[in-house]
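What follows is each chain in one-letter form.
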Amino acid sequence: DAGVTQSPTHLIKTRGQQVTLRCSPKSGHDTVSWYQQALGQGPQFIFQYYEEEERQRGNFPDRFSGHQFPNYSSELNVNALLLGDSALYLCASSRATGVSTDTQYFGPGTRLTVL
Amino acid sequence: AQSVTQLGSHVSVSEGALVLLRCNYSSSVPPYLFWYVQYPNQGLQLLLKYTSAATLVKGINGFEAEFKKSETSFHLTKPSAHMSDAAEYFCAVRPTNAGKSTFGDGTTLTVKP
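Same order as they appear, the protein sequences are chains Y and F.
Numbers given in my numbering equal positions in the first sequence, counted from 1, plus 552.
Numbers given in my numbering equal positions in the second sequence, counted from 1, plus 15.
Hints are computed from structural coordinates only; laboratory data are not their basis.
Be a bit skeptical, because a hint or two may be false.
[What the hints assert, rightly or not] Across the chosen pairs, the derived CB separations fall in these ranges:
no.: 1; chain 1: Y; residue 1: 621; chain 2: F; residue 2: 23; range: 29 to 35 Å
no.: 2; chain 1: F; residue 1: 41; chain 2: Y; residue 2: 569; range: 16 to 22 Å
no.: 3; chain 1: Y; residue 1: 635; chain 2: F; residue 2: 45; range: 38 to 44 Å
[What the hints assert, rightly or not] Keeping only pairs whose Cα atoms sit at most 20 Å apart, straight-line, the calculated DMTMM-like set for lysine to aspartate or glutamate is:
no.: 4; chain 1: Y; residue 1: 578; chain 2: Y; residue 2: 603
no.: 5; chain 1: Y; residue 1: 578; chain 2: Y; residue 2: 604
no.: 6; chain 1: F; residue 1: 127; chain 2: F; residue 2: 81
no.: 7; chain 1: F; residue 1: 115; chain 2: F; residue 2: 100
no.: 8; chain 1: F; residue 1: 127; chain 2: F; residue 2: 30
no.: 9; chain 1: F; residue 1: 127; chain 2: F; residue 2: 100
no.: 10; chain 1: Y; residue 1: 565; chain 2: Y; residue 2: 605
no.: 11; chain 1: F; residue 1: 115; chain 2: F; residue 2: 79
no.: 12; chain 1: F; residue 1: 64; chain 2: F; residue 2: 100
no.: 13; chain 1: Y; residue 1: 578; chain 2: Y; residue 2: 606
no.: 14; chain 1: Y; residue 1: 578; chain 2: Y; residue 2: 605
no.: 15; chain 1: F; residue 1: 64; chain 2: Y; residue 2: 637
no.: 16; chain 1: F; residue 1: 115; chain 2: Y; residue 2: 582
no.: 17; chain 1: F; residue 1: 64; chain 2: Y; residue 2: 654
no.: 18; chain 1: F; residue 1: 64; chain 2: F; residue 2: 30
no.: 19; chain 1: F; residue 1: 115; chain 2: Y; residue 2: 605
no.: 20; chain 1: F; residue 1: 64; chain 2: F; residue 2: 81
no.: 21; chain 1: Y; residue 1: 565; chain 2: Y; residue 2: 614
no.: 22; chain 1: F; residue 1: 115; chain 2: Y; residue 2: 654
no.: 23; chain 1: Y; residue 1: 565; chain 2: Y; residue 2: 637
no.: 24; chain 1: F; residue 1: 84; chain 2: Y; residue 2: 614
no.: 25; chain 1: Y; residue 1: 578; chain 2: Y; residue 2: 654
no.: 26; chain 1: F; residue 1: 84; chain 2: F; residue 2: 103
no.: 27; chain 1: Y; residue 1: 578; chain 2: Y; residue 2: 627
no.: 28; chain 1: F; residue 1: 115; chain 2: Y; residue 2: 604
no.: 29; chain 1: F; residue 1: 73; chain 2: F; residue 2: 100
no.: 30; chain 1: F; residue 1: 64; chain 2: F; residue 2: 79
no.: 31; chain 1: F; residue 1: 64; chain 2: Y; residue 2: 604
no.: 32; chain 1: F; residue 1: 84; chain 2: Y; residue 2: 627
no.: 33; chain 1: F; residue 1: 73; chain 2: Y; residue 2: 654
Think of the CB as a built atom: it goes at the ideal place given N, C-alpha and C, for glycine as much as any other residue.
Based on the sequences and whatever the hints tell you, model everything.
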């Protein structure tokens, strides 16, 4: 059983560009959450998708957007990249349980560097 | 709203010594609590979780944590450190009525031979 997978592993972009990161959840999971982990910090919640809709959102600007597909996979899009967007982006999948979710399992992350 | 404070950004122990990583939380609703480990250039691996059952939770690799509501703490312990335990450890809190997890800033554990 494959766990959570993310692509690409590494990415280098320049300021002002746009980027798309991808995540495939663990088998049997229907909820995907995205986190940003800056160097030396803990992960910060960006948003969560369930049934192809954004269910919760953290304190991130509208430049950060996402999508969930019918097969539960998800994309994170970031527009107008800033130097401060350089970070490890983590995807976590889980099963929805009412208004909450079961335990989140994390992927290996995508390392984004903005020059 | 919820928050997590991990006391001590760096902890160093000798191989075979007790490991104690501290985590205090605040939450406006009953929380779920988690400890994750992160090795360099990798994602987060779940060590253990508290979900309102037993207050003493046992996890993988010999780690355990005790939920103490009166102290709002969820400290992580391991009786005897191994070199392979050297990593970054994160404590996280999640309300029982929502899916968003809030993480602490992490504690780097160094194990000396």
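Right, here's what the structure says about each hint:
1. Y:621 / F:23: 29 to 35 Å: Given about 42 Å between the Cβ atoms, the range is violated.
2. F:41 / Y:569: 16 to 22 Å: violated, 38 Å
3. Y:635 / F:45: 38 to 44 Å: Between residue 635 of chain Y and residue 45 of chain F, where Cβ atoms are some 40 Å apart, the hint holds.
4. Y:578 / Y:603: holds, 15 Å
5. Y:578 / Y:604: holds, 16 Å
6. F:127 / F:81: violated, 26 Å
7. F:115 / F:100: Violated. Residue 115 of chain F to residue 100 of chain F sits at ~27 Å, over the 20 Å cutoff.
8. F:127 / F:30: holds, 6 Å
9. F:127 / F:100: holds, 11 Å
10. Y:565 / Y:605: It is violated: about 28 Å lies between the C-alpha atoms, which goes past 20 Å.
11. F:115 / F:79: Distance ~23 Å between residue 115 of chain F and residue 79 of chain F Cα, so the pair is violated.
12. F:64 / F:100: With Cα atoms ~18 Å apart, residue 64 of chain F and residue 100 of chain F stay inside 20 Å; holds.
13. Y:578 / Y:606: holds, 19 Å
14. Y:578 / Y:605: holds, 18 Å
15. F:64 / Y:637: Not OK: residue 64 of chain F and residue 637 of chain Y at ~30 Å, beyond 20 Å, violated.
16. F:115 / Y:582: holds, 15 Å
17. F:64 / Y:654: Judged against 20 Å, a Cα distance of about 11 Å means the pair holds.
18. F:64 / F:30: violated, 25 Å
19. F:115 / Y:605: With a Cα-Cα distance of about 15 Å, the restraint between residue 115 of chain F and residue 605 of chain Y holds, given a limit of 20 Å.
20. F:64 / F:81: holds, 10 Å
21. Y:565 / Y:614: holds, 19 Å
22. F:115 / Y:654: holds, 11 Å
23. Y:565 / Y:637: holds, 10 Å
24. F:84 / Y:614: Status violated; Cα separation ~37 Å.
25. Y:578 / Y:654: holds, 12 Å
26. F:84 / F:103: The hint is violated at about 25 Å.
27. Y:578 / Y:627: holds, 15 Å
28. F:115 / Y:604: Holds, at about 17 Å.
29. F:73 / F:100: holds, 16 Å
30. F:64 / F:79: Between residue 64 of chain F and residue 79 of chain F the Cα gap is close to 9 Å, so the pair holds against 20 Å.
31. F:64 / Y:604: Distance ~27 Å between residue 64 of chain F and residue 604 of chain Y Cα, so the pair is violated.
32. F:84 / Y:627: Distance of about 38 Å is beyond 20 Å: violated.
33. F:73 / Y:654: holds, 18 Å
This entry does not satisfy hints 1, 2, 6, 7, 10, 11, 15, 18, 24, 26, 31, 32, going by the numbered hints stated previously.
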